[in-house]
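Listed below, chain by chain, are the residues.
Number of protein chains: 2
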Amino acid sequence: MGGQNVTLQGLPVEEIVFAPGVPPVKTDPNGEFEVGQTYTQFVKLSAPSKRYPILFWHGGGMAGTTWETTPDGRPGWVMFFLHKGYDVYVSDSAERGRASWARYPEIYPSDPVFRSKKEAWELFRIGPPGSYAANPSERKAYEDTQFPVDYFDHFADQMVPRWIGNNAMIQRAYDLLVQRVGPCIVIGHSQGAKFAQQAALRAPEKIKAVVSLDSPPGLDPDKTSAAPARSVPHLFVWSDHQEGNPFWMPFQPAQKKWHDAIVAANGTADWIVLSRIGLKGNSYLMMMDRNSDAVAEVISQWLDRQPSLR
Amino acid sequence: MGGQNVTLQGLPVEEIVFAPGVPPVKTDPNGEFEVGQTYTQFVKLSAPSKRYPILFWHGGGMAGTTWETTPDGRPGWVMFFLHKGYDVYVSDSAERGRASWARYPEIYPSDPVFRSKKEAWELFRIGPPGSYAANPSERKAYEDTQFPVDYFDHFADQMVPRWIGNNAMIQRAYDLLVQRVGPCIVIGHSQGAKFAQQAALRAPEKIKAVVSLDSPPGLDPDKTSAAPARSVPHLFVWSDHQEGNPFWMPFQPAQKKWHDAIVAANGTADWIVLSRIGLKGNSYLMMMDRNSDAVAEVISQWLDRQPSLR
Numbered sequence: 391m392g393g394q395n396v397t398l399q400g401l402p403v404e405e406i407v408f409a410p411g412v413p414p415v416k417t418d419p420n421g422e423f424e425v426g427q428t429y430t431q432f433v434k435l436s437a438p439s440k441r442y443p444i445l446f447w448h449g450g451g452m453a454g455t456t457w458e459t460t461p462d463g464r465p466g467w468v469m470f471f472l473h474k475g476y477d478v479y480v481s482d483s484a485e486r487g488r489a490s491w492a493r494y495p496e497i498y499p500s501d502p503v504f505r506s507k508k509e510a511w512e513l514f515r516i517g518p519p520g521s522y523a524a525n526p527s528e529r530k531a532y533e534d535t536q537f538p539v540d541y542f543d544h545f546a547d548q549m550v551p552r553w554i555g556n557n558a559m560i561q562r563a564y565d566l567l568v569q570r571v572g573p574c575i576v577i578g579h580s581q582g583a584k585f586a587q588q589a590a591l592r593a594p595e596k597i598k599a600v601v602s603l604d605s606p607p608g609l610d611p612d613k614t615s616a617a618p619a620r621s622v623p624h625l626f627v628w629s630d631h632q633e634g635n636p637f638w639m640p641f642q643p644a645q646k647k648w649h650d651a652i653v654a655a656n657g658t659a660d661w662i663v664l665s666r667i668g669l670k671g672n673s674y675l676m677m678m679d680r681n682s683d684a685v686a687e688v689i690s691q692w693l694d695r696q697p698s699l700r
Numbered sequence: 391m392g393g394q395n396v397t398l399q400g401l402p403v404e405e406i407v408f409a410p411g412v413p414p415v416k417t418d419p420n421g422e423f424e425v426g427q428t429y430t431q432f433v434k435l436s437a438p439s440k441r442y443p444i445l446f447w448h449g450g451g452m453a454g455t456t457w458e459t460t461p462d463g464r465p466g467w468v469m470f471f472l473h474k475g476y477d478v479y480v481s482d483s484a485e486r487g488r489a490s491w492a493r494y495p496e497i498y499p500s501d502p503v504f505r506s507k508k509e510a511w512e513l514f515r516i517g518p519p520g521s522y523a524a525n526p527s528e529r530k531a532y533e534d535t536q537f538p539v540d541y542f543d544h545f546a547d548q549m550v551p552r553w554i555g556n557n558a559m560i561q562r563a564y565d566l567l568v569q570r571v572g573p574c575i576v577i578g579h580s581q582g583a584k585f586a587q588q589a590a591l592r593a594p595e596k597i598k599a600v601v602s603l604d605s606p607p608g609l610d611p612d613k614t615s616a617a618p619a620r621s622v623p624h625l626f627v628w629s630d631h632q633e634g635n636p637f638w639m640p641f642q643p644a645q646k647k648w649h650d651a652i653v654a655a656n657g658t659a660d661w662i663v664l665s666r667i668g669l670k671g672n673s674y675l676m677m678m679d680r681n682s683d684a685v686a687e688v689i690s691q692w693l694d695r696q697p698s699l700r
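Sequences listed follow chains A and S, in order.
Per the numbering used here: the first sequence = residues 391 to 700.
Per the numbering used here: the second sequence = residues 391 to 700.
Hint data in this document are derived by calculation from the structure and do not stem from the laboratory.
Hints may contain errors.
Where chains are identical, the list cannot tell them apart; a pair therefore holds if satisfied intra-copy or between any two copies.
List of simulated lysine-lysine pairs, DSSO-like, C-alpha gap at most 30 Å [said to hold, decoys possible]: (1) K474 with K434; (2) K646 with K416; (3) K646 with K613; (4) K508 with K416; (5) K596 with K613; (6) K416 with K530; (7) K530 with K474.
For reference, chain A alone in the conformation it holds in the complex:
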């Protein structure tokens, strides 16, 4: 949903043979195209026990697959929260997965970014910087990692290319989704948490709670008022091994400012560092880690504690 028409003109016509034996097709790269749509799949229970559905918004370079099954084949958070009685909506953001993507540089402003296995291994804190090796048996994960390291390459099957600079387009489609679904909870991972926090400011009457997992710096109370979020309980969840990591060090301080601004606006904001509540060794991919159900249980219990969700 949410596609907008974009017209291209002036590009040269090409002849393409789609299959042997089929006449060449004059493929005109010009014309009208749908751009900026998001894909959402939902599962509604016949008798949900919870009042509001959960919308799952994945991180950058990922798609809705994030929430489905773990790389080692266990049920993911979709099934966990269905069992808890929630209807669930799993999205692929614009430009990712089934949402499709558009020609660049004619429509998207830049080239796509492809994440290598090394970058994923290190940025996602399965092991420390420098611990990746091309040969799986030589990779040195954190000793206490919860990530199912034997299935890392299979996890890499889920990664999708992304662009830098399409954020307004992605946000727009998510905002439309919220309007269409109605009152809901949003669980966002990484970049998806940024979109969720922004969506809550724009539709505080629709979004009943935001759960942010390892969210990057985004909203800054020095520039944006947190007041509209005062009616939207926020939970910030942080996985392990962020201390001392140069990429991750700005994340918590920046988000702490937003957390504090929500509290200062008389809102509800909670802050959970998993390693401080007995859940050690979680990677960025906490919904795929071996203790993924334990992490989900923390979130589930927090949701149960919010009076506004009853």
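Assemble chain S onto chain A, guided by the hints.
Coordinates of chain S only, in the frame set by chain A:
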């Protein structure tokens, strides 16, 4: 599943700022990447009444969304065949949708192809060549079209870019899927039907039936023996308005040769032109047309008639 490692080297390192406030990341486009994987989502009934599951393989420039809901919001064939008692597996082929895609020309051999709305409108026979207009109210569909024309732009939200020249890669992942799922029925649309027919030759002990919807020319009995397919019932289904259309005219004669070769090898092959059994005006997107359930019913009844599926 089915990703294979590809290593890139020698490309220059780039610095990318993923979000304001986050330190720039040195993004090394070199390294290891997973390539060629397919994505499959399955729904298993608690008590399937049918012996074998159905695998749904979409056409070129499309993804598994093809089978989910129709552009005008009715349940698609996934739900239809679940109600008939089948377990269902819906795939995104390698390079499409959630299966992800890879850098070109370094990994894929060519540029992607983006289908415009005009090309889709005319190739998919919603209206005759020349009947498309940028302004929706000026488009001239076939008078008897079954396609929900008011939702054409929403259909266009589902289209994904494709490549020419990745067929062996896509086929390989589908062949692996068949081995993993085990005995199954494959319903393939367009390019997906080509992959299904090829898969049946490679795994006739696993594939129990193939349903080909508007399949392009593919297997040629002058070059490939149809004998391995003798134990695999084949159904060829054709939508309307193909006569006189220069793009579509080679399709049926080429596939009729393959149909006849299966029969000559003492196999089972059936041929249904929808307009000759009272279903007029179907577009290429017969699983999205207003009479999509009626088309599905034709296929369902054919499956029920195959002794080998009981």
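Right, here's what the structure says about each hint:
Proximity of K474 and K434 under a CA criterion of 30 Å is satisfied in both settings, with 12 Å inside one chain copy and 20 Å between copies. Taking CA atoms no more than 30 Å apart as the test, K646 paired with K416 passes between copies only; the shortest distance there is 26 Å, against 55 Å inside one copy. Taking the shortest alpha-carbon separations for K646 and K613, only the intra-copy value of 15 Å comes in at or below 30 Å, while the best inter-copy value is 67 Å. Taking the shortest alpha-carbon separations for K508 and K416, only the inter-copy value of 12 Å comes in at or below 30 Å, while the best intra-copy value is 41 Å.
Taking the closest pair of Cα atoms, K596 and K613 come within 30 Å of each other only inside a single copy of the chain (23 Å); across copies the shortest separation is 61 Å, beyond that limit. Proximity of K416 and K530 under a CA criterion of 30 Å is satisfied inter-copy only: 21 Å between copies versus 52 Å inside one chain copy. For a Cα distance limit of 30 Å, the shortest separation of K530 from K474 qualifies neither inside one copy, at 36 Å, nor across copies, at 49 Å.
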